[in-house]
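Q: With this note's numbering applied, the sequence shown corresponds to residues 2 to 167, in that order.
BS3-like, lysine-lysine: derived pairs with alpha carbons at most 30 Å apart:
(1) Lys24 - Lys121
(2) Lys26 - Lys148
(3) Lys18 - Lys121
(4) Lys151 - Lys62
(5) Lys54 - Lys16
(6) Lys29 - Lys16
(7) Lys58 - Lys121
(8) Lys26 - Lys3
(9) Lys121 - Lys29
(10) Lys54 - Lys24
(11) Lys59 - Lys131
(12) Lys148 - Lys18
(13) Lys151 - Lys165
(14) Lys26 - Lys131
(15) Lys26 - Lys54
(16) Lys29 - Lys148
With beta-carbon atoms standing in for the labels, derived distance ranges:
(17) Tyr162 - Asn53: 43 to 53 Å
(18) Tyr162 - Lys29: 33 to 43 Å
(19) Leu119 - Val50: 10 to 20 Å
Please keep in mind that the hints were generated in silico from the structure rather than gathered at the bench. Each residue gets a CB set at the ideal place from its N, CA and C atoms; glycine is no exception.
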Amino acid sequence: MKFEEVLEKRRSIRKYKDTPIPKEKILKILEAARIAPSAGHRQPWHFVVVENKETIKKLAKQEWAAEAPVMIVGLADQAASPSWCINDIGIACEHIVLAATNLGLGTCWMGQTGREDLVKGLLDVPDNFKVIAVIPLGVPDETPAPKERKSLDTIVSWEKYGSKSR
Numbered sequence: 002m003k004f005e006e007v008l009e010k011r012r013s014i015r016k017y018k019d020t021p022i023p024k025e026k027i028l029k030i031l032e033a034a035r036i037a038p039s040a041g042h043r044q045p046w047h048f049v050v051v052e053n054k055e056t057i058k059k060l061a062k063q064e065w066a067a068e069a070p071v072m073i074v075g076l077a078d079q080a081a082s083p084s085w086c087i088n089d090i091g092i093a094c095e096h097i098v099l100a101a102t103n104l105g106l107g108t109c110w111m112g113q114t115g116r117e118d119l120v121k122g123l124l125d126v127p128d129n130f131k132v133i134a135v136i137p138l139g140v141p142d143e144t145p146a147p148k149e150r151k152s153l154d155t156i157v158s159w160e161k162y163g164s165k166s167r
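Kindly generate the complete structure, drawing on both the sequences and the hints.
A: Printed below as a string of structure tokens:
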């Protein structure tokens with residue numbers, strides 16, 4: 002797929018087929034995260050791939066997410082990069098989402114507000130890591146229509162906030 006097509010096709014998928022994901026595809030997706038840029042090249046991230054159905058059910062914040070055959074948990078290493086780890090893991094997780102889309106798989110980024118202790122306990126995550134994302138991964142069993150986006154002229158200024166001309 003061309004890059005622009007990947008960007009246009011990416012959707013938050015909330016319904017997955019009961020189809021196992023080949024390890025080779027998971028590794029390609031993780032490789033995309035591995036090569037993401039990071040501040041000071043610190044690479045302050047770790048990813049936990051979960052395929053155990055019982056663990057997936059416990060990680061699922063919403064019922065639909067429990068149907069995904071894989072979950073990738075994105076962790077930010079606060080000790081390695083206290084100021085930038087959140088930005089860095091965000092970039093790496095978006096690489097995961099786009100790589101999955103490119104491979105014909107669906108994802109839905111789920112934040113973990115209020116559930117960090119649960120996730121850390123289930124996955125034996127060390128204290129220096131912060132849980133940033135739980136990303137269900139699977140073959141989509143739905144094709145959501147594109148959502149309307151704000152126009153560029155409402156979200157972009159030139160030189161100073163509010164200036165519409167270049």
